[in-house]
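Student: What follows is the residue order along each chain.
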Amino acid sequence: MPISDGQSRGTPPRGLPTSNRRGALGRALTSLAGGALAFNLIMVLGLLLLLLWQGGAYFWPRDLAWFELADGRQVLGEIHEHRELRTTAASGAEPIYEVRLKTGNREPELGGQDFVWIREADIKRSERPHDAVLLERRSWGPFFGYPVAIRRGDGVIAEGRDGTFRKLEQLVPEKAEHFEKIRKLEKGEIGDVNYEIERLRLSRRKLSMSTDSSPDKARADAELQRATQVQESRFGALADRLRDERQSLEAEILVIESIDGRRKTMPVSEVVRAVRPNELSTAGKIGLYASRLWEFVSDEPRESNTEGGIFPAIFGTVLMVLLMSVIVVPLGVLAALYLREYAKQGPLVRAVRIAVNNLAGTPSIVFGVFGLGFFVYFLGGSIDRWFYSEHTSPVFGTGGILWASLTLALLTVPVVIVAAEEGLAAVPRAVREGSLALGATKWETLRKVVIPASSPAILTGMILAMGRAAGEVAPLMIVGMVKLAPDLPISLEWPFLHFERKFMHIGFHIYDVGFQSPNVEATKPLVSATALLLIVVVTILNLAAIRVRNRLRAKYATTGL
Amino acid sequence: MITQEQQKVMTKLPFGTESAPSERESATAADFLVADAHMEVRGLSLYYSESQALQGIDLRVPRGKITALIGPSGCGKSTLLRCFNRLNDLVDGVHIDGEILFDGQSLYGSEVDVNLLRKRVGMVFQKSNPFPKSIYENVAYGPRIHGTRSKASLDEMVEKSLRGAALWEEVKDRLDKSALGLSGGQQQRLCIARAIAVEPDVILFDEPCSALDPISTARIEELMTELKGRFTQIIVTHNMQQASRVSDTTAFLYLGRLIEYGVTETLFINPRKKQTEDYITGRFG
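Those sequence lines, one after another, are chains S and P.
Residue numbers for the first sequence follow the numbering used here, beginning at 1 and rising by one.
Residue numbers for the second sequence follow the numbering used here, beginning at 1001 and rising by one.
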């Protein structure tokens, strides 16, 4: 029979006390505890759903609405909100509704207003024009209106709303390809030449700084100068090629007209995407949604982070977390090994343990300040003095991904130490004795039996550390995280991983996009989308680590001992 | 079993002729002279930080035979066993007086390499303790530690040891599977295989069958008998029948002292001490 808490089923046996006041208290407490858990779960679930809804909806194409207003104005845009005007609610008068319309066309010559509020009562006529076009552009944000002509040189190659749109649909992918080609040229060959010229410049500078004054020095300098000239002429040729390519990229000029009749011209290559949202079928919308989502995770940001993708931020976050793990795990495990296996247990070790636990509770910005002072200024500054003295700007003596990872490793090392210590303590004495009795030394026993057996616990520590590190922003802001880092910390140039480079981070990106961008209103959904992505990235990292841990668990299970 | 002549030699030799036992009360009572001692305990006393666990033990362990250590719980028999491979060194605050000679060389000498000693004196524990690794890796562990690298010789050692522990036929198709998937008896035989893989001279058994069923126990005992001659074996057991079945000589310990030591049959059939008789007839313990 299951044990019930005080309340027995049926008639209680005679003579036994029937009062269950204490039982009732227990039941009340149980419900309270259960309720608290449920509340927490609902909060977390609500948070996820909100992010999923707001962030997910960001990429969904909305219909374009056209309104003719009482004063004769015409507006075109996406409906973003529909609400009752607050002032009317109290007075009890007839409620007034208003609509928030995203009209885009941010540039001054097209009106320069991203959003407008319109009273519903002012709308005389509304329509969803099938041929209204949305242009996503490399600058100035979205355009709503009509492309009316495309010119090339002095000739016109497309005219009329339909004709221009068809031509545009055909030209945009071609231009995108061309744009990509130019970018490759810039980053690839031109980047290489620039790198080479900079290297030669630094070599010359280093040479001039040396006190040696033999004829060898002059000869070497002449040699370097010659090499520089060769590179510079290469650079000149490449720059010419780049100019030609740019000219051909921007050969086609698009004329666009907003709904109130203002016109503007821009190169076709500025258009990233041209769609008629009101004409899209459901499949078309899904396709567009997927394409925008892909752009978001795979592309670089545009327009001071408010448009385009956030790939550099994802890359920076993941690389920093991995780098941090690589540093923190050996550090934490070695410390735990000493504390648990070698140190003589006593008041001192207990004190150290308490200190380690307290370290885990230290505000993270404190670690940031330490990282800046110790890693960046002291270590980085010293490295610069010893190895990069010819550089005019600091290399390691300024924030970078290595220093950020080290700072976070310090921040999370207590978590790893505690988890690793628990893992080590859980390895049965019998197994250790078995190894020692075979003539293994203590270190061999630790390395071959104890550490493998506690590796799942160590990985648990790593998982916790990764979760903490991926969400940390404050300390990173002063040790190398930046708003925009055009170069990833990885490249095809030796040494491939550039630990001194600054990097982008999703956590900071959320803050930057949401609260530092010129157009906070427009980027609100982007904040949710980015936050959601941060959760996804952390989840993926954790799942990967959990997978590894489960494998190790299966391999080194110590059950049955 | 002990051959007739050896038994004669053992029983004929006068007690206490070698180590002046009159000085030590326990020795006069219990010293039993073995012609070819592989391990020789001389006046061994062991103190934990607060208590004394062994008092003046004198014991000569015959080469190639099985010696049983019996006695009630807490009598120090496991502590004595752990002196033979210096596993007691791991306990904080242990202090040892007296000495143990291993082939005439002092175990506790300052120049002794404990790890090499443990290679020569293997041990099987009360509860089987295979490593959380594959069967193969468990057996290969010792040889690897002691420098065997080549795959071929490791394979050979693993097979030889598993055959030696009568386990080969049962596990030869699953050498790469986890050792923890084996039954309790198989795990214990794996531990024996692991111990003999480093080719020790002596194997210590610390109640090897206390967690096993009777059939597995019988197999381990059979195995011990098979290993006789190749290895000197010392077994701590609570099971008097087991001691009488497998061992050639038996030592009875009580409260940290060696009460009586002799040829197993003699000790069980005709104990010289009242305490021994009381214990083996089950009056206490």
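Simulated from the structure, these hints should not be mistaken for lab results.
As the structure is a prediction and not an experimental result, all values here were calculated from the model.
Keep in mind that a hint or two might mislead.
No more than 25 Å apart at the CA atoms, straight line, and that leaves these computed lysine-lysine pairs for BS3-like [to be verified]:
1) K1274(P) to K555(S)
2) K448(S) to K285(S)
3) K555(S) to K1273(P)
4) K1273(P) to K448(S)
Just so you have them, the derived chain P footprint on chain S, three or more residues with Cβ under 8 Å [to be verified]:
5) 421-435
6) 438-448
Built from N, CA and C at the ideal position, the CB exists for glycine as well.
Student: Next, verify each hint and record whether it holds.
Tutor: Hints, verified against the model:
no., hint, verdict
1, K1274(P) to K555(S), "violated, 53 Å"
2, K448(S) to K285(S), "violated, 57 Å"
3, K555(S) to K1273(P), "violated, 53 Å"
4, K1273(P) to K448(S), "violated, 48 Å"
5, 421-435, "holds (count 6)"
6, 438-448, "holds (count 6)"
The structure shown violates the earlier hints numbered 1, 2, 3 and 4.
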